[in-house]
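There are 2 protein chains.
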Amino acid sequence: MKRIVFYLVAIAMAGGMLAVTAPLSGHADEEAAPIYGVKLPAGYRDWPMISIAQVGAPVNDIRAKLGNDTAMKAFRDGTRPFPDGTIIARLAYQQVASEESNKVIRAVAEQRGLPPEQIEKLLAGSFVAGPPTNVQFMVKDSKKYAATGGWGFAQFTNGKPDDEATHKTCFGCHAPAKDHDFVFTRYTP
Amino acid sequence: MKRIVFYLVAIAMAGGMLAVTAPLSGHADEEAAPIYGVKLPAGYRDWPMISIAQVGAPVNDIRAKLGNDTAMKAFRDGTRPFPDGTIIARLAYQQVASEESNKVIRAVAEQRGLPPEQIEKLLAGSFVAGPPTNVQFMVKDSKKYAATGGWGFAQFTNGKPDDEATHKTCFGCHAPAKDHDFVFTRYTP
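Order-wise, the sequence lines are chains A and B. Position 109, counted from 1, in the first sequence is what numbering that gives the first Met the number 0 calls 108; the numbers after and before it change by one each time, with no gaps. Position 169, counted from 1, in the second sequence is what numbering that gives the first Met the number 0 calls 168; the numbers after and before it change by one each time, with no gaps.
Worth double-checking, as some hints may not be accurate.
Put simply, identical chains are the same to the list, so a pair is met inside one copy or across any two.
Stated by the list, open to error - Heads up, simulated DSSO-like pairs for lysine-lysine below, C-alpha to C-alpha not over 30 Å straight-line: (1) Lys-159 with Lys-72; (2) Lys-102 with Lys-120; (3) Lys-142 with Lys-120; (4) Lys-177 with Lys-142; (5) Lys-167 with Lys-143; (6) Lys-120 with Lys-167; (7) Lys-120 with Lys-143; (8) Lys-102 with Lys-72.
Hint data in this document are derived by calculation from the structure and do not stem from the laboratory. Keep in mind that this is a model prediction, so the values were computed, not measured.
Throw the hints in and build the complete structure from the sequences for me.
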């Protein structure tokens, strides 16, 4: 089961909703991800948000998709395929319950007369982002990555690229999104 | 029950995790929120992400907190109280199931041998962001908002400020977070 969870986490993340790789740029001293040679894109943590999502147990994560300027413009203009230079980042975090937030949610729910069993359900479904799990990138370069729909993929855990086996799964999982240039995520206003 | 849900949505959002108001600036032609006089901050949709969270049924939302430059610096440096000029935005969306994403998650889970009942649980807990519900802001101005911990609050639905009754609830819900300058959200890297 532990192994199943491990794979599920790795794969649901690699393919579940978005995906995976960084640019040719990045910091020179950083390792490139296998297969696609993608490095951690500089400054990605400050990119605007494309949208957010969550994946159920046993993965139990909550995730944000961020985009560089080229990505944001393409999402907003509806440009498909995405232009070269597009980078999409997927940051995932463990779902964790927040005692502090739940206290407030409970107080308000009680005040508003929500029945106790419904309050428990409300709290059981309320989470904040906990420790990060990994970060994925999709980098568009229609020539360099012609064999994989024009996308390079990458996954980093604690700033280090994951192994080749992980990266072999990226493109296959994205194949069903071919009609949207292999990107699952939709922009939310 | 419908009324309860309505209040819960309004309140869990106003107080559940983050909160609520925009700057003195904003667009001149836009309406200011009641009590605090906050307008929609220009460009907030492109601000970097502070963190993300979700609230269970019957609220069923998934939410992102974004911050202006002053907010991001304070979160990263651990500066408390937050300096004047800090603005925190909370964007909430309905949790919706994505058939397209779930198809991929199911395929990967089956391939990895996850038992059927666990696959159902996995899918039942997997959502993407659907239609936006409302947007909230917290604006720091220690003099102007001295009576409410230095924060002005605002909630907008479809670009229009919500009513005064809604805005009366903001500060009370944030009181339990007094030790963190009335902000529930923690920055996630």
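How the hints compare with the structure:
1. In the homo-oligomer, the alpha carbons of Lys-159 and Lys-72 lie at most 30 Å apart both inside one protomer (29 Å) and across protomers (25 Å), since each shortest distance falls under that limit.
2. Taking identical chains as interchangeable, the C-alpha atoms of Lys-102 and Lys-120 lie at most 30 Å apart whether they share a chain (14 Å) or sit on different chains (26 Å).
3. In this assembly of identical chains, Lys-142 and Lys-120 lie within 30 Å of each other by CA distance neither inside one copy nor across copies; the values are 50 Å within and 40 Å between.
4. In this assembly of identical chains, the alpha carbons of Lys-177 and Lys-142 lie at most 30 Å apart only when taken from the same copy (17 Å versus 54 Å across copies).
5. Taking the shortest Cα distances, Lys-167 and Lys-143 sit within 30 Å of each other inside one copy (16 Å), while across copies they are farther apart (56 Å).
6. Taking the shortest Cα distances, Lys-120 and Lys-167 sit within 30 Å of each other only across copies (27 Å), while inside one copy they are farther apart (39 Å).
7. For the identical chains of this complex, Lys-120 and Lys-143 are neighbours neither inside a copy (49 Å) nor across copies (39 Å), given an alpha-carbon limit of 30 Å.
8. Taking the shortest alpha-carbon separations for Lys-102 and Lys-72, only the inter-copy value of 28 Å comes in at or below 30 Å, while the best intra-copy value is 40 Å.
Checked against the numbered hints above, the structure violates hints 3 and 7; every other hint is satisfied.
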